[in-house]
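Chemist: Next come the chains, spelled out residue by residue.
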Amino acid sequence: MNISCPAPQRSTSTIEMAHGGGGAMTARLIERVFAPYFKNPILDKRHDGAILPACDARLAFSTDTFVVNPLFFPGGNIGDLAVNGTVNDLLCCGATPRYLSAGFVIEEGTDIEMLEAIAKTMAEAAREAEVEIVTGDTKVVERGRCDGVYINTSGVGILPPDIDLGPDNLKPDDVIMITGSIANHGMAVMSKREGLDFESPITSDTASLGDITHALLSVAPGLRVLRDPTRGGLSSTLNELAEASCVDIEIDEQSIPIRVATASACDLLGLDPLYVANEGIMIAVVPPDEAETALAAIRRSAHGSDAAIIGRVLARSATPEVWLKLPFGNRRLIEMMSGEQLPRIC
Amino acid sequence: MCLAVPGKIIRITSDSPFTMAQVDFCGVRREICLDTVDNAMPGDYIIAHAGVAISVMDEASAIATIRDLNLMTEYRDRIESSI
Amino acid sequence: MTASNRQYDMEDIMTRAATYRDADAMRGVLRRIHDAVTRQWNIMEVCGGQTFTLSRYRLEELLPEKITMIHGPGCPVCVTPVETIDRAIDIAMHPDVTFCSFGDMLRVPGSEAALLQAKARGADVQILYSPLEALKMAIDRPDRQIVFFAIGFETTAPIYALLAQKAVGMGIGNFSLLTSLFTVPAAVEAIKLDDQCRVDALLAAGHVCAITGTAEYESLSRELGIPIVITGFEPVDMLYGISKAVDALESSRIGVVNAYGRAVRAEGNRAAKKSIDEVFEHYDARWRGIGVIKHSGLTLRRKFEHLDATRRFKFSHTSSHECNGCIAAKIMKGLSLPADCPHFATDCTPQSPVGAPMVSSEGVCAAHYKYNRFQP
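Chains as they are written, first to last, in this note's numbering: chain A, 1 to 346; chain B, 1001 to 1083; chain C, 2001 to 2376.
There's no promise every hint is true.
Facing chain C, a subset of chain B residues (Cβ under 10 Å, in silico) [what the hints assert, rightly or not]:
id	residue
1	P1017
2	D1035
3	M1041
4	D1058
5	A1064
6	Y1075
Far from chain C, by Cβ distances over 12 Å, these chain B residues were calculated [stated by the list, open to error]:
id	residue
7	R1011
8	I1012
9	Q1022
10	P1042
These are calculated hints, taken from the structure and not from any lab test. C-beta atoms are modelled at their ideal positions from N, C-alpha and C, and glycine is treated no differently.
Produce the complete structure using the sequences and hints provided.
Modeler: Here it is, written out as structure tokens:
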């Protein structure tokens, strides 16, 4: 005699509150949407937590929460963004990323196929970055209580001895480079958001940058800092570095790589690309004698073909400032972003 | 006031409720309303403000300005190379 | 090759911003300006967009010392009266209202708060890039009252005129405009006629003139006895305009020079002028920080007054008041500098603006804060 499940089998196409209830619906959601993509021996144990092999090296640990709207944008979606974001934060510490957790807050009514597409992208991004998603969580909130899907990822990476890429490492005369063209992610998202209907070839730069950091760590032993200029853009990140290291910084506007379409989109909306978010580039600071080798190594990497030297560290300063050298040769101060960048009309 | 950018009309895309055209802004394309200008045609350059064309641009004037600018640059080059 | 027989790539000279941000072109014009100036001249740029470019590229420090730039009143975000901001917030708080606005209006402080705070308190406030989207929203959402915060000068007015005509033509009942519209010439005249004002030449705003044409400015120039130069907004355009102003000043010429011919025609934009005239009429408008200026505003004509959001929604606010000590009026008349204000960069910053000129990136205080602070 066949024993069948007493609860009626339901196949739904949208998320219901019960999908977050911890019962059969939750289990089925995980079976269908997450397990097939995130599959690995640690996760497959279905323990309350992931059991990771211990090591006596130092660990880097980072967390980030992703609330992007729209969930899908040219060049990516919230899934690869969530994986790449945390992976890049670990890489910026100089670590080799190993394990991620993934926590989902899902709005009731979310399309399950869409969720599956996000999970699939996450799995691909994780494979690309050579990390495993080893533990996770799913919660469902009532319709209107969140905006589709929010994802938190936390990650650990293994940090080789003697690596210190702290933001306070900058020294006078150090060379500042950027690994790719700026403002692509922010403008890709912006072009979709708030009804700004560009028909643009701008795509998000979301990517994990392990190849670049590995290349840099091997050719530039004096590497001072790696930082990904995400929210707040290049200006805000450089200001953070100047502040942490108590130095002045000067960058040259004309040497900052930006694609023509991205720059036009910024002009069209009245946004300053120096404050627009990036998800697939890093700022790297190296001593002057390693600059050329470092730049060449970045440019050989998959996501580094647009890399450029954009400036240098000036003297130590009690009032750290970041200067932008203008096309004419004079310069002006650039600051941290104030408030949210809103498209302007005037 | 009045952030406005120049673009080139690619094609007219609809006429209701607004006359809209696809306009190219140095590689970024966007639908722009042409109801506020007379006789704008594909191939024309327009100035767009807040999603609407406010001016059909004048090519002869643009050339005149550029010529004037070039003369100034050449004048400067002459002066400074003779120093 | 010399300038006269060169072939031009039209895309380049019509649409490519880089053409008008070129350092060599800037050097050429600057050389010309330096060679031409013999006396002290005060030149007022009318428009916030021009102020923004001056600050963004720090052009003032490249100009001869004899030229002083005075920053005019032309930022619509800055001059929208505090009462209108309060009104906007009041309307936005109506539960059936979706209040649409350009991004930069959201931070402008009213008496108590800005629209951004109203949004955080639950008002349905939408940032739109184009007012057209608001009318589409009204069509798509008949259950909501869609209100657009119609701020601006002559540049933006024809868009609102078009929307009003369409709303009436299509019988769209759930769309209205909260207007705060100004015209430039009346304000310029009022400021220039102020006894204390020492303006020798005006740089008029290219995008306003693209609509209005040059005729109004011809008569204004003669009436005020000063040259007026119409400029674009890229750094080369601005310097080019300044060089034309200096040429006119040095040879005592008055009248209008159009230094932005690619965008501005003498006759302006006839279609736009016609629809502005059909929908709006002039009235004596109050400018924030400056006061009432005769005939300087546009308000909906009787035929369109049912689209006026102030008629559609009752106002529950009692009285509006300006922050104490903001010297916006003096700054916008060119009588004081932002740094002269006790609030500047202390309790008045772009993050928490006290006065309106600190809000929009084109506001003179914000431009100074962002680009000129700490600098000589």
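Chemist: The structure should be examined with respect to each hint, and the outcome stated for every one.
Modeler: Here's how the hints hold up against the structure:
Because the closest C-beta pair between P1017/B and chain C is about 6 Å apart, less than 10 Å, the hint holds. Given the 10 Å rule on beta carbons, the hint for D1035/B holds: about 5 Å separates it from the nearest Cβ of chain C. With 10 Å as the threshold, the beta carbon of M1041/B stays out of range of chain C, its nearest partner Cβ sitting at about 14 Å, so the hint is violated. Interface restraint check for D1058/B: the shortest CB-CB distance to chain C comes to about 6 Å, inside 10 Å, so the restraint holds.
The beta carbon of A1064/B comes within 6 Å of a beta carbon in chain C, closer than 10 Å, and the hint placing it at the interface holds. Residue-level restraint check for Y1075/B holds (minimum Cβ-Cβ distance to chain C is 7 Å; threshold 10 Å). At the 12 Å boundary, the C-beta of R1011/B stays outside the reach of chain C, the nearest C-beta of that chain being 16 Å off. At roughly 16 Å from the closest C-beta of chain C, the C-beta of I1012/B stays outside 12 Å, upholding its exclusion from the interface.
Interface exclusion of Q1022/B from chain C stands, the closest Cβ pair being 14 Å apart, more than 12 Å. With a cut of 12 Å on Cβ distances, P1042/B stays outside the contact zone with chain C, its closest approach being about 14 Å.
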